[in-house]
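Asks: Guided by the hints, dock chains B and C onto chain A, whose structure is given.
Going down the list, the sequences are from chains A, B and C.
By UniProt numbering, the letter at position 180 of the first sequence is numbered 180, and the numbering carries on one by one without gaps.
By UniProt numbering, the letter at position 90 of the second sequence is numbered 90, and the numbering carries on one by one without gaps.
By UniProt numbering, the letter at position 5 of the third sequence is numbered 5, and the numbering carries on one by one without gaps.
If a hint is listed, it holds; no wrong ones were tucked in.
Residues from chain B that face chain C, not an exhaustive set, calculated with beta carbons under 7 Å:
#1 21
#2 24
#3 33
#4 36
#5 37
#6 38
#7 314
#8 318
#9 319
Simulated from the structure, these hints should not be mistaken for lab results.
Please read these numbers as outputs of a predicted model, since none were measured by experiment.
For each residue, glycine too, the CB sits at the ideal point set by N, CA and C.
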Amino acid sequence: MTTYLLRSVAPLGGEPVDVLLADGVVAAIGPDAGARAGEATVVEGEGLVLLPGLVDLHTHLREPGREDAETIRSGTRAAAAGGFTAVHAMANTTPTQDTAGVVEQVWRLGRDAGWADVHPVGAVSVGLAGEHLAELGAMASSAARVRVFSDDGKCVHDPVLMRRALEYVKAFDGVIAQHAQEPRLTDGAQMHEGVVSSEIGLAGWPAVAEEAIIARDVLLAEHVGSRLHVCHLSTAGSVEIIRWAKSRGIDVTAEVTPHHLVLTDELARGYDPVFKVNPPLRTAEDVEAVRAGLADGTIDIVATDHAPHTREDKDCEWAAAAFGMTGLETALAVVQETMVDTGRLTWADVARVLSAAPAAIGRVEGQGRPIAVGEPGNLVLVDPSARRTVEPAEQATASGNSPFRGRELPGRVVATFLRGRATVLNGVLQDDADGSRRAAGRGVGA
Amino acid sequence: MKHLLSAGDLSRDEAVRVLDTAAQMAATQAREIKKLPTLRGRTVVNLFFEDSTRTRISFETAAKRLSADVINFSAKGSSVSKGESLKDTALTLQAMGADAVVIRHHASGAPHTLARSGWTQGAVVNAGDGTHQHPTQALLDAFTMRRHLVGDGGRADVAGRDLGGVRVAIVGDVLHSRVARSNVQLLHTLGAEVTLVAPPTLVPVGVGSWPARVSYDLDSMLADGPDAVMMLRVQRERMSTSGGGFFPSPLEYTRSYGLDARRIGLLPEHAIVMHPGPMNRGLEISADAADSDRAVIVEQVSNGVAVRMAVLYLLLAGETTNVKVDGK
Amino acid sequence: MSSGTAVPADGTPTGAARTEPAPAAPDATVVLGPPEISRALTRIAHEILERNRGGSRLVLLGIPTRGLPLAHRLAARLADVEPGLDAAALVGSLDVTMHRDDLAHHPTRAIGATDLPAAGIDGKVVVLVDDVLFSGRTIRAALDAISDLGRPAAVQLAALVDRGHRELPIRADYVGKNLPTSTSERVRVLLEETDGRDAVLIEGAR
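Bound-form chain A, shown alone:
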């Protein structure tokens, strides 16, 4: 295995040091690293920030079922390009990830592809139908070792089912990740309900439909003494509820997506479905509230909700278009722009919200670790001074629905290491890392 000497890099944005990666682990840090480098491949790291490999708690890889939008291989390549070393693959595939067999298949495909660890999320209910609990225990004890369960895309809206799920996963230290959306209040909803929706005549998705479910669920979690995770929180009210719940000692964690940190419902005015997403883009006040929530720790993590869609699902009128936007390859840049460059988070905080905390919520071992000798070589090297214009056609994801198309964002992933192996080097995906012969027939280009 190649040995890498990362010369003069700044771990978590701190003082520059040399870091040696060997045998899949961080072998040395400091003067010692250079001395032991030997035949190592040297990566010049002047001005670069070293972070633990990013961990996404919320990714849609679409395989099995919608390989025309994304495959596990193309999705994990996108993850690597974005600096991620682990992703949680959401359960709304076809067939649904609601049995041990399906989650093991997804886990194996991820392992075989080799671009990032794939941790399947198990469905809470059979077929995401919200009626019967799926075999959560079987998924937990499968080779995929599922710890995160979610009907994401749909809300577990039946309070009894939600209660049972919260209780049941305690047996194996699982967590229910709730897509908080009261279905009746959002029947036919197309975008955030407010000034813009009233003017442009799209059916509204009121903030209260999210907040009401979150309020109910934190109370349920408190009542049964369970762990709750709230997916893609998007409103100022939701931040308030989480803040209140945490002050009561309720075991709740919350995530925000990169797009909710920066984009607003004003973008819907042009009816470009690339801005159609669920939960919808909210107002500027909500954007400020989620930034503040992320800065003060009320919101624990940033998760991408990377949701690739084919052109035909987006190249149409708004109402007919699918919800969702890609995000793996822009997440870190958006966090840098909105939180780091504004002084609201340090790079150490970024390591927490994009790596350590999501790994902890997902009970992922070997990811989100400190940068220290002996720790697994899951690292990402970032150039914060770079700027780039987002061009979906140049991305690794198989879909083009990036809401940041044409937008200039800061930062560039220079290198990503998965257990000491470079998946990205000099900003380029390392195809030989993949065993490209094995994957050659899959038809997914860089």
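Replies: Same frame as chain A, but now just chains B and C:
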């Protein structure tokens, strides 16, 4: 003006220009020979994804009176491939050489999508999209109001004039109404004051940003002396949607928000009663009110042709990119 | 415009939105001044009466913008000569925009008013009045417009200036001034009513 997508896109001068042009068009429609050669050789496609015989006939008449070729394309198609069918239909129309596409669609924003997509080179005219906009309806309403309420009730020349100071009440299902949205914007642009009157369930969240006042009380609004009262159609289906409907019963709606002979009596002498049609007689408007001498509902229909002629003229009669300007 | 230049037609009826005429180019030559224009109109008025044996069946239709004030001036002169005539009742306005064949070659033109005298045009002798006769296309459009409006006994044409270069078999019955020009030149008629002064200019021989 390349497209007409939203009443909000029109400046005051542009809107007045449409109204002035419509006035000239209306004059031609009073003649024995109504047909003009103006748009000879141009092709107008009426692309209707939603049934609306009245609007289609109005656009068709307008285009034919200007000698354009008219193709009616009723694409009320499968719900499965809604998106694809808009794109593919548009590409088909482009291949046929449509100079203008008049589109009616159940999805808000579909005309914007069509205009922005590059699927058609032609001018796009929004003939009603979802619960968003119906700009030619707003223009014909403004035209009708200007005729009756500006310049001494039509006795003076109103060309070049807007609706400054005219007070309009728009009554009914504002939430689902593209007519209301278009009218609020255009009437505001033209200087009129708008009050929306509806039960709170039929007023959209976010209405506070609209350039209009909101009232829940029709009687006090009428007693306030509006110059025009525009009744919106209330669909009976709204009764049976989720959440038990938007109002308890048609009877209760009519009692609170229906226009009848008694309420007509509250209006000032000069006030007019409007309705975009089709009317639900007995629900939002009684037969007495609909047939009263205050009602200009039939005139709205004929004004619709003149306004649509004006819009087609302004969009299509000018310079085109594919015709070279000759040297003289 | 019958002058066949790049000046956009302006038939806005109120004059509220009327565009100000561009200032005369520095190389403009005044070919007719106020007295010449006045004399030409007086002569045309006499010719009209003489040829039609009086004014009883006449209707003067001015083509906006500048044909209309010319029609009013002619009507006033007719009434001076033949006191029984009501000058105002003789004049109408005929907008030809919607009958033009060159709409696609110019920015969108505003549509002017068409107002016929109360007695209509059926059985009348219609005298079309325009400022400049050039290609003849405006008059072609006017003839089409008239045929949609009624059936006159005869249609005649009066133009203040005939600058030649006809593209259609059309000639004027009454001409104020024949003005040989090259096609690159621009003939502009200015009138007190629309432009603040009376003048005929030639500009821009290139």
